[in-house]
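The listed protein sequences correspond, in order, to chains A and B.
The numbering of the first sequence is this note's numbering, which starts it at 746 and goes up by one.
The numbering of the second sequence is this note's numbering, which starts it at 30 and goes up by one.
Rather than coming from a laboratory, the hints here were simulated on the basis of the structure.
Each residue gets a CB set at the ideal place from its N, CA and C atoms; glycine is no exception.
Among the clues, some could well be false.
[To be verified] With a cut-off of at most 20 Å between alpha-carbon atoms, the simulated SDA-like pairs for lysine to any residue come out as follows:
| hint | chain 1 | residue 1 | chain 2 | residue 2 |
| --- | --- | --- | --- | --- |
| 1 | A | Lys888 | B | Pro226 |
| 2 | A | Lys888 | A | Glu868 |
| 3 | A | Lys863 | B | Gln218 |
[What the hints assert, rightly or not] Which chain B residues stay away from chain A? Per the calculated CB distances, all over 10 Å, these:
| hint | residue |
| --- | --- |
| 4 | Leu58 |
| 5 | Ala68 |
| 6 | Arg135 |
| 7 | Ala147 |
| 8 | Phe205 |
| 9 | Tyr210 |
| 10 | Gly245 |
| 11 | Ala252 |
[As the list claims (entries may be wrong)] What the simulated footprint calls covered on chain A by chain B, stretch by stretch (three residues with Cβ under 8 Å from a Cβ of chain B suffice, anywhere in the stretch; the number is not a length):
| hint | segment |
| --- | --- |
| 12 | 801-810 |
| 13 | 835-847 |
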Amino acid sequence: MLDQDFILQTRGLSVYYDSKIAVTDVNLNVARNRITSIIGPSGCGKSTLLRCFNRMNDLIPSARVEGQVLFDGLDLYGPDVDPTEIRYEIGMVFQRPNPFPKSIYDNVAFGPRINGFKGDMDEVVERSLVRAALWDEVKDRLKASALSLSGGQQQRLCIARALAVEPRVILMDEPCSALDPFATLAIEELMRELSEDYSIIIVTHNMQQAARVSHYTAFLMLEETRVGFLVEFGESRKIFTNPEDERTEAYITGRFG
Amino acid sequence: MAVIPRTEFQRRRNRRKWLGRAFHGMCLLSVAIALGMLAVLLIYLLIQGATGINWSFLTSFASRHPDQAGIKAAILGSIYVVLVAGVVSFTLGVATALYLEEYAARSRFAKIAKINIANLAGVPSIVYGILGLQIFVHNLHLGKSVLAGGFTLALLVLPIVIVAAGEAVRAVPPSFREGSYALGATRWQVIWHIVFPLAFPGILTGVILAVSRAIGETAPLIAMGALTFVPFSPDSPLSRFTVLPIQIFNWTSRPQEGFQEAAAAGIIVLLVILLIMNAGAVILRNHFQNKWEG
Ligand SMILES: Nc1ncnc2c1ncn2[C@@H]1O[C@H](COP(=O)(O)OP(=O)(O)OP(=O)(O)O)[C@@H](O)[C@H]1O
Ligand SMILES: [Mg+2]
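With the hints as constraints, model all of the structure from the sequences given.
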């Protein structure tokens, strides 16, 4: 593939918390308009790696990032880059649904508002909720509290909230881990649809999920001597049927981790 | 094979039940003592002062004749001074708390500052009166005025407001902050749209507590130079003033029977104002609190 086909690329990316390393020298190319999943055992640095892509690690005082993250060729950690401007291009959905204690409408409108959007807000809210496959369920109660929704609905609201600022990339950190299988399938279906227009990176502990929805899979691991290093990266089909590295095979077949 | 014989379990269970009841009883007794004292106080006040409360008492100024003495100047003085104190301590307190919790949260400076602020809450109130006299009355040339009094009380309650506001700010779940940062919000936007509105009910509680304390304070205002005999309305921020507790204190130290009655009536007025303020604040707080709970 050509470089233009990658929306995000990491070059020798390492992350430290104080002096403790959590992600080690990761080189990863994230394809445009595809779903890339990051899998690996607990504590191997998946969330840390994901948070490099929208500079959320900046909010943790002890975190330090080395190496490069290129976003369409632009170094996200370059000197002139304002992290708040990155974050509405690269949206994020969290492990636990975290809608604001405001109305459903205000949740979706929050991002456009703080970014100075002046157009037709009703239209943005409707479009985002439709895209997040939540519109039909909430269209009659937009003024109701977002906290009155079920967990699965709340997570879709969080996706709608992220979509409302028209990001190009959506990062998802175990977005289904607090949801039941039915809600999980709904979110997976949604991700498939969204991947036509957005590039998605998802961290997941669920092998089937990674195999089902993602086009590419990155396997991170930790050993006694090294943490958060990339073992294998490639097409999900290949990783889950015929991995090259035996550690990958051990992990996906459940013999380890 | 049971290691402990059944009867042993039985005995222990009985003892636990008995202990539970005893504790329950003790708690009840404490409540009864507290409420009882309050009831005695109120009844005593009502007997002594209720007859003294009438329209002319509320609308007359101080007088040397007990039957003509009124409390108007003190009511107005208390309300104005406490308003100034509330607004100033709210503004400064919230700004300080937000700085310490959001901007400088992990710095050594913030830690030291917080310890010192907590200690300030324990400084005797008269010290603030002396401070107010020097800074506001003399250095800033405000005179022994409503403004100077309000500022002095604001200083006095500022630590309480800062500590309460800081707790309210810390209680805002980090996930809401992350959620808004992830949408491209700046720190200021996160504070203004998320942290402050969610912390507001808690901050309000702190301000209510603080202002309730301020309205009962006597010593710092006397030290600052508030008057005890005010036959006029404090009609400008720079006019001289007195407040309810000073007026009450003044009356209780007079020998005439009539002034004792006026003092009791004054205390009732003070309590009623306190109650109205607290009730209003609780209503306000509930209004903000219940809105979005799922
Ligand atoms: N804020 C932090 N401060 C210090 N160390 C941290 C912090 N966050 C994570 N770490 C450490 O960094 C390492 C990687 O953590 P990370 O959360 O990225 O793992 P993960 O792969 O997402 O794990 P999980 O699957 O359990 O979510 C862990 O050893 C963790 O203890
Ligand atoms: Mg994680």
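**Asked** CA of Lys888 of chain A to CA of Glu868 of chain A, is that 20 Å or under?
**Response** The hint holds at about 15 Å.
**Message:** If we take the beta carbon of Tyr210 of chain B, is the closest beta carbon in chain A still more than 10 Å away?
**Reply:** Nearest chain A Cβ is 6 Å from Tyr210 of chain B, so the label is violated.
**Item:** Coverage criterion applied to the segment 835-847 of chain A (partner chain B; beta-carbon cut 8 Å; 3 residues)
**Value:** The restraint on the segment 835-847 of chain A holds, since 9 of its residues have a Cβ under 8 Å from chain B and three suffice.
**Message:** Is the claim that Gly245 of chain B lies outside the interface with chain A correct, judged by CB distances over 10 Å?
**Reply:** holds (35 Å)
**Prompt:** Taking the closest pair, is the beta carbon of Phe205 of chain B still more than 10 Å from chain A?
**Reply:** Answer for Phe205 of chain B: violated, closest chain A Cβ roughly 6 Å.
**Request:** Would you assess whether Leu58 of chain B, listed as outside the interface, keeps its beta-carbon beyond 10 Å of every beta-carbon in chain A?
**Result:** With a cut-off of 10 Å, Leu58 of chain B remains clear of chain A, as the shortest Cβ separation is near 40 Å.
**Request:** Measuring Cβ to Cβ, find out whether Arg135 of chain B lies farther than 10 Å from everything in chain A.
**Result:** violated (6 Å)
**Prompt:** Per the stated criterion, does the least C-beta distance between Ala252 of chain B and chain A lie above 10 Å, as a non-interface residue requires?
**Reply:** Holds, because the least Cβ-Cβ distance between Ala252 of chain B and chain A comes to about 44 Å, which exceeds 10 Å.
**Request:** Confirm or reject the statement that Ala68 of chain B sits farther than 10 Å, beta carbon to beta carbon, from all of chain A.
**Result:** The assertion about Ala68 of chain B holds, with a minimum of 40 Å to chain A.
**Coverage of the segment 801-810 of chain A by chain B (three or more Cβ within 8 Å)** = That given contact holds, which follows from 3 residues of the segment 801-810 of chain A lying within Cβ reach (below 8 Å) of chain B.
**Prompt:** Beyond 10 Å from every Cβ of chain A: is that where the Cβ of Ala147 of chain B lies?
**Reply:** Non-interface label on Ala147 of chain B holds, nearest chain A Cβ at 23 Å vs cutoff 10 Å.
**Distance restraint between Lys863 of chain A and Gln218 of chain B, which requires alpha-carbon spacing of 20 Å or less** = holds (17 Å)
Hints 6, 8, 9, counting from the list given before, are not met by this structure.
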